[in-house]
Amino acid sequence: MRTYFLSATEPNVGLTSVSLGLLRALQRRGLKVAFVKPVTKHTPDAEPSVLFARSICEAESTPNPLPMSLVTHHVTSGKTDEVLEDIVSLAMSCASGVDVLVVEGIHADPNRAFIPQLSVDISRSLQAEVILVGSGADAEGIAQTQYLIARVRNSGRHVEGVIFNRAGADFDEVAVASQLDGVPIFGVVRENPMLSAPRTLDVARHLGADVMIEGDLATRRVRETVLCARSVSEVIPRLKPGALLVSAGDRDDVMLAVALAASNGIELAGLVLTHHSFISPRIQRFGALAFHSGLPVLRTNGDSYETAARISRLPLAVPQDDLIRMNQVIDSVVEQLDTVAICAGLDHALPQRMSPPAFRYQLMQKARAANKRIVLPEGDEPRTIRAAVTCTEKGLARCVLLGKRKVIQSVADAMGVELPVELEILDPAEIAERYVAPMVELRKAKGLTPGQALLQLEDTVVLGTMMLAVDEVDGLVSGAVHTTANTVRPALQLIKTAPGSSIVSSCFFMLMPDQVMVYADCAVNPDPTAEELAEIAHQSSESARAFGIDPKVAMISYSTGASGAGDDVEKVRAASELARARWPDLVLDGPLQFDAATVPDVGKQKAPNSLVAGQATVLIFPDLNTGNTTYKAVQRSANVLSVGPMLQGLRKPVNDLSRGALVDDIVFTIALTAIQAEAMAKG
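This note's numbering numbers the first residue of the sequence shown as 42 and each following residue consecutively.
For the record, the hints were derived by calculation from the structure and aren't laboratory data.
Treat each hint with caution, since some may be false.
[What the hints assert, rightly or not] Cross-link-like lysine to aspartate or glutamate pairs, in silico, EDC-like; alpha carbons within 20 angstroms at most:
id	residue 1	residue 2
1	K82	D127
2	K723	E376
3	K407	D706
4	K435	E376
5	K435	E463
6	K407	E583
7	K723	D636
8	K445	E474
9	K281	E459
10	K82	D362
11	K673	D706
12	K407	D363
13	K445	E463
14	K407	E376
[As the list claims (entries may be wrong)] If you anchor each label on the Cβ, the simulated ranges turn out as follows:
id	residue 1	residue 2	range
15	D86	G541	55 to 65 angstroms
16	A350	A184	41 to 51 angstroms
17	E572	K485	23 to 33 angstroms
18	R692	A526	16 to 26 angstroms
19	M553	S373	23 to 33 angstroms
20	D211	N152	30 to 40 angstroms
C-beta: ideal position from N, C-alpha, C; glycine also.
Put together the whole structure using the sequences plus the hints.
Quick look at the structure:
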């Protein structure tokens, strides 16, 4: 096991976000990683680093830290050895069987002169490699990092590398590296104002403000504070998504402008009324719809200038209940770390099972490498627009939105989303006619006429499917507002099944705590025959392999081996025999009960000679009732993230979304589709 001790070179350098970013980056390399925060200034059960590590990074074994008050008392009483023993005990309590232990050091504090020496003592006690986290904002931060490198070396410790955080646009990595006396730079995390945007809720807490209208208080974010001291004509240009307006309630002109902006769908961060004032009743009546459209309204005692100044002093630290923002911060850090350099020389065996962080990382990496063009028929749907923007910015796919540009632009503007230049938008009315002839050709056996084809092409799902049929795009993702039937039916009619496939099925990737498993079929086929079940097993094993999961296929039933009888179990037994005969290289066993397939001890007891029992990674359910019920039960009761359903057996990739899909779900599905397209192109 290797231990990394992250030490801040100065206060407020973002030590927590960098430490958690390193934790996630190592997890995505396929390593088993533990996390420790030895000392906290908070109460031990409310330390943000620990709560974030457990809830966001899935490091559930992270122990509670020692309180700073206790550590200060012991160190100043000459009992540093006792502190170090307690810290080593904390680290060892969660480090059994891990590849790497990440230790977040003690935040720098000018009022506690013992912290630098204690940090050295902790790193030595844990036999840790030291990684310094320095400020990249200015020359002073770089100079402080140089000083700490020399100080750590003088203490007999080695600095493994440096990560610069909150670096400005003018940060010259090459020039700075030449000043660090041979210590490598492990990452330069650039300043991103979007990640510093607090929630309106955080502003309300900071001000101690009264909440007049709650609205979307917990989800809207403050990107800019607008002090409404000038005429309304000066205020109107600043009524943009994320703007927090600070004004006295007697400014009826400002109140009306705010109401108009909210009515037009502009997601303002909120309105703060100063001088303990109210919006006048006549304005409230006139703009009633606007003031109840999600716009938060707060009230505070101070004057407008004082209130704006107090908002500017809102702490930079991410509140412990703002998991969305912290997750984005961690991901931003991960993307800017040099994990190859950090992991150089690590002696470890990669886990045989695919961990959820490694799966997500490989999903993104493979999608980027595939560089596929994916059509999104629901082009003006808000979640789809956000997902397309994310995929474009991260290079996961070349997305094509179907819809009128003006409509899509207006939806994006209302959400405060900037459409990248590279994001392609096609107006269905302008392109539909060119697909009439190929569609008539594909459906000639059904007697489709050009007029009927043009009418059907008014459905953007049909249009997108035709784009896929004629190889203008590599895949299609739909279902945010359409039913599964609306998505799948055109695919069956125009794309058809892949060579060698007689059935279309689905699979879910279930991100369990320690591994990723494939469940099939949980969405399409109500009662597959033995032959169809065998084919679903083969399709699912190929899907698992395409995403880096070693397929060990368990055919699930209510009995294991020859212990049961009846039509249902006989179907599973016949399907197992058919699959083994048709695909002899397939590692498959069945029938197996769920626990015999997934629990090693039960598998050894019930099927001692099986190559699958107790270690299955692909579970094939006998019917839709069993599969859908099981996947939902596991998803909800164990709080497991499920990615899918991904359709299998089509000639080209078409994937369906849940109508309750989140933006991240759509992003994952687009990435899945891109990887599917690449696998089909190769296979």
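Structure-based check of each hint:
no.: 1; hint: K82 - D127; in the structure: holds (17 angstroms)
no.: 2; hint: K723 - E376; in the structure: violated (28 angstroms)
no.: 3; hint: K407 - D706; in the structure: holds (17 angstroms)
no.: 4; hint: K435 - E376; in the structure: holds (10 angstroms)
no.: 5; hint: K435 - E463; in the structure: holds (12 angstroms)
no.: 6; hint: K407 - E583; in the structure: holds (16 angstroms)
no.: 7; hint: K723 - D636; in the structure: violated (36 angstroms)
no.: 8; hint: K445 - E474; in the structure: holds (16 angstroms)
no.: 9; hint: K281 - E459; in the structure: holds (12 angstroms)
no.: 10; hint: K82 - D362; in the structure: holds (18 angstroms)
no.: 11; hint: K673 - D706; in the structure: holds (16 angstroms)
no.: 12; hint: K407 - D363; in the structure: violated (30 angstroms)
no.: 13; hint: K445 - E463; in the structure: holds (16 angstroms)
no.: 14; hint: K407 - E376; in the structure: holds (15 angstroms)
no.: 15; hint: D86 - G541: 55 to 65 angstroms; in the structure: holds (57 angstroms)
no.: 16; hint: A350 - A184: 41 to 51 angstroms; in the structure: violated (31 angstroms)
no.: 17; hint: E572 - K485: 23 to 33 angstroms; in the structure: holds (30 angstroms)
no.: 18; hint: R692 - A526: 16 to 26 angstroms; in the structure: holds (19 angstroms)
no.: 19; hint: M553 - S373: 23 to 33 angstroms; in the structure: holds (26 angstroms)
no.: 20; hint: D211 - N152: 30 to 40 angstroms; in the structure: holds (32 angstroms)
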